[in-house]
Each structure stands twice: as C-alpha cells, then as structure tokens.
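Work out the full structure, taking the sequences as your base and the hints as a guide.
Its first residue numbered 1, the sequence shown is counted upward by one per residue in this note's numbering.
Check each hint, because a few of them may be wrong.
Unchecked claim - Computed cross-link-like contacts, DSBU-like style, restricted to lysine-lysine with a CA-CA straight-line distance of at most 30 Å:
(1) K391 to K471
(2) K60 to K97
(3) K29 to K60
(4) K369 to K471
(5) K514 to K471
(6) K369 to K202
(7) K514 to K391
(8) K382 to K164
(9) K369 to K382
(10) K164 to K37
(11) K65 to K29
(12) K391 to K369
By construction, these hints were calculated from the structure, which means they are not laboratory data.
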Amino acid sequence: MADSPRVPRHGGRDAAPALPRARSTEAWKRHIVGQLKHRDRSQHDRYQDLIRFYNRLLEKTRLTKGILSGSPRRPADVSSDGRSVPSLRQQNEQLRKTSGELAYQVLELQQQTRTRELLLEEQQYRVLQQRVEQVQLENAALKTKYDELLELRRREEAELREEKLRGDRLLETMIQERQQAAAHMNSRNQRRSRAREAHLQKELQSAMRSKVTVESCFSAPSSRSTSPKCDLQLESRERGHSRLFRSLSASSPRILSSFRDLFHRRRRGHSVCSMEEDLVFPVRVNLYARVPVRALQVLEAHEQGINAVRFSSSSHLLATGGTDREVKVWEVRSGSLTHRTTLDGSTGGITCIEFDPMGFRILAASYDKSALLWRLDDSVAKLTLTGHRRKVTAARFSGCLHQVVTGSEDRSIRLWDLQRAACVEVLEVSSSCSDLVCSENSVISGHFDSRIRVWDTRLLRCVQELPAQGKVTSLDISSDHRHLLSCCRDDCLQLVDLRGRSNERVCFRAEGFKCGSDSSKAVISPDGCFLAAGSADGAVYIWNVSTGSLETRLPDRHSSSISAVAWSLSGEYVVSVDKSRRAVLWSDI
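Encoded structure:
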C-alpha cells in the first residue's frame, strides 16, 4: 500500500516553512505568466496581419474539406451553398497560393529578424570592443604614469643615497678633523703636563729643602729645651702634618690642583675627549669620611616619590630624581639644600642620576625606555638616547666624557657615543640589568638572576661572573676602583675585592635592616671605610668596613622606605631619599 502524501497539520512544525515556499512558487509562476504575455503581445503586434490572413486561409481550408467530404446524396458538382466544385477547387488553389505566399513572407520576415539581430549583435560587439580598447588605452596611460612615478622614486632614492654618501663622507671628514684636533690638543696637553710635572718637581724639591732646614732648626736638644717658642712651632707643625695626612684640602691649593690634574690625566692615558677637560674645576679631595650623627635639614624635595640621588664631584651640587619625571638640582651651602634648577624632558619616572666628572652635565635613566643628558645651564634635555625596549635602570659615564653606558630590563647593555648620539654596541644578557658601574676598560653590571657580570669593553664580551646573595638592586665602586659594593634583596650588602682573582667577599647585615625595593641603592664612603644603605623601616644604616660591624643607625626622619643614599666626595654630608618625597641631609656637625 502506497504511502499517502503527508499533509501538514495546522500549527505543526511544517506549517510555518510551507507558507513562504508557496508564496515564492506563486511569485515565480506570476513572473513566468507575465513574461509569456509580454512575448505574446510583442509577437502579436509584429505578425498581426500575417496571423489574420493565415486564419482566413485555415477557415477556407476547413470549408473546402467539409464540402469535399459531404453527403453523397448531393450532386458531385454542387456544394452546400449552391456553388460548383470547380469554382471551389479554383478558390482552393488560390488559397494555397496565398498561403504559400504568406509562408514565404513569414520566412522573409524571420530572415529579416535574424539579420537585424545579427546587426544588433555586431553593433553591441563593436561597442564592447571600443570600450575594451578604451579601457586598454586607459590602462596603458596608467601604466605609463606608474612607470614615470617609479622612475621618479628611483631617482629620488638614488639622490638620497648620494646625499647619504656625501653626509657619511662629510661626517668622516669631520671625525678625522676632530681626531686630528684632539691629537694636536693631546700633544699640547702632554707638553703642558710635562711642564707642570717639571714645575711640580721643582716645588717639591724646594719644599723638601725647606722642610729639612726647619727640622734641623728643631733637631738640637738645647734649642728645644731652651726656647718655648720653638716648642710651640714644633707642636703646630706636627698638628699640621697630621691634618695633611687626614685631608688634602688643608694643603696648598696650587700644589693639590697640580697633583689632581697630573693624576687625572695619567689615569685617563692623556686622552682628550672634550675642551671641557682643559678647564680647572675646584674638586675637593678628602681622604676620610665623617660618620653622620644628626639631620641638618628635612624637606619635601619632589611631588612624588624619589628614586635616585647623587652628589657632584665638587660636593657643592646635589641632584634628585623621582617618579614625578623631574630632575632637581640643589646647592649645598652651610649645611642646607637650596633649590637651583629643575630639568624637564622625561616622560617617565627617573631611575638613576649621575654627574659627569667635570660637573657640567647630568645623565639620567628613565622609565620611558630612554636616557637623557642635560647641561646644568639649560633645563631642556640636550640629548635623548632611545633604543631600549623596556625601562632603563642605569646610566653611567664611561672612561671618556663622550661615552655612556646604559642598562635596562630588556636584558641588554648598550654603549653610546654622545658625539653621534647613537648606540655603538649592544651587549645581550640573559637577565634584566638592575644597575651598573664603570671602571677602566670594563663595565660591571648587576642582574636579577643573582649574578654580577664583568664586561670587557675592548673585547665586547663577559669576562667574569660573580655570585651574589640574592637579586642585585644596586652597585657602587670605591674611588680607587678596588672594591665593589652590591646590595641584594636578601637584606645583605656584599663587598667584593676586585684586585685578586679570588675576589674575596664580605657580607654586611644588621638587625632591623631590610632592603625596601628592587632598586634600593647603597654607597661606599669616599675613603672606602664605611658603607651606607637605607632600610624599609625608614632608617639609614652605616657599617664599618674594617670591623664589619654596624657603626650607627640614623632613625626617625623618614616615614617610608628609603630608596637611595648618597655620600659627598668631601666626606661631610650624607643624603637619603624615600618613597614619600622626602630628602634628609645628614652630617656630624
């Protein structure tokens, strides 16, 4: 039994889709009927006369057939309407002729229609061909224009390459001229140095002769016993000698400046990096540091937390930098800090600050992945060194005034040439760099992987790795470049002896001391006898290097974690800064 067709029920699942399908079918049918009617009208209008004649012919043909197939009762030569058969045959022949003519006309009309359609197609093909030719012409014109533009671009690129070559040649010429001028200046400075050495030797010889004469005056027992004036002079001279050994600042300024200039140039290998090196800067050299005992001044130095602090080589200027993206320069006078200028230009917080050896420029590292260089007489940044992919944590002057080294959290150390404002070398590291210091022909960097790496700037590779107690937060090197201080996150300060291959290490800890952040900075005193660091409890801790014990603790001046500590090269002052915008000036006065 055949299955009966399925009839969708009212309200069932198939009822809803059936309505749109039926509507679409009816619309399709109406469209077909309309097209057929339109075709019938057009053909009816075109062949109306032909159809009319053809219908008449068909009627007459039917009539003739009816007459021929009529009743045999009628006479053979008489039709139903009374006409004779011959006349009907004649009329039939005429109708056949007429139908043939009409058929021939139909064929002719069809042929004419085909001819017109062919002509129309040919015209359309010609129009299309003309359009294609026009498009081809337009494409050819566009291609010609594109070729002209491409040729013009090639010419511009060639001109740019030529200009670049000319610029490179000009730069090479300028570098050669500068090197020649530097060599000339170096030779002139060598002559000056030799003259100063000779003059210094003469002064020392005269001083030695005068000293022998004075001591011979006091060497006689009779004079010492009989002349109280000589006793007073001897006592004052002995006090003077003890002060001479304690502080070179008490000696003759002219002799000390000659010593300083002589030793400075010998340490630098008679290199001349700038005309600024020929200037005499009154640097105070102190062979002992004073342990601070009290706070001389407490001030709100920035609008936000302070991350870095640094004294200049003369100890007369102090620079601070914080998360408010500003570097402020302070004058140190009579135990107080006076604001001098504010250096702008950084778009991120300051992480590290350093004065150049001459004290004319300030270098700072920033959170905005760059390092900036200012002159003290201009608040606008002179150079911005960009290239790191993450924040720059350290920026230091290297052996020459025109060379800078930066470290970043992007696991790279970069060497910069300030004359070209360009990076000349990139040292890749396996860990983020937290801080670095520069020594002669070497860079020492501290990292988050509890490693301290020593880099040879001539070989451009790591030559030594030193283990640390934890994640390194800061590094500092002594003035004689013999000892390296590292501060670590395990609340320990480590002092490394760089003179021997064994690199002996001494750890310094104290009860209550805690490293406050990943960027907490500790320092060595100018004479290398003390270490200073700030703690998370807001106190400054100072250790004695020779005994290894805590020398003093300076509390009650900071309300938050101390981020950095700086010790003046004169040994008189210590400055500590914290995360709550506060800076404290300490001294033993």
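Going through the hints against the structure:
1. K391 to K471: holds, 18 Å
2. K60 to K97: holds, 13 Å
3. K29 to K60: At roughly 38 Å apart (the allowed maximum being 30 Å), K60 and K29 break the hint.
4. K369 to K471: holds, 22 Å
5. K514 to K471: holds, 13 Å
6. K369 to K202: Cα-Cα ~53 Å, so violated.
7. K514 to K391: holds, 25 Å
8. K382 to K164: holds, 24 Å
9. K369 to K382: At roughly 17 Å apart (the allowed maximum being 30 Å), K382 and K369 satisfy the hint.
10. K164 to K37: Status violated; Cα separation ~79 Å.
11. K65 to K29: Violated. K65 to K29 sits at ~41 Å, over the 30 Å cutoff.
12. K391 to K369: Holds, at about 4 Å.
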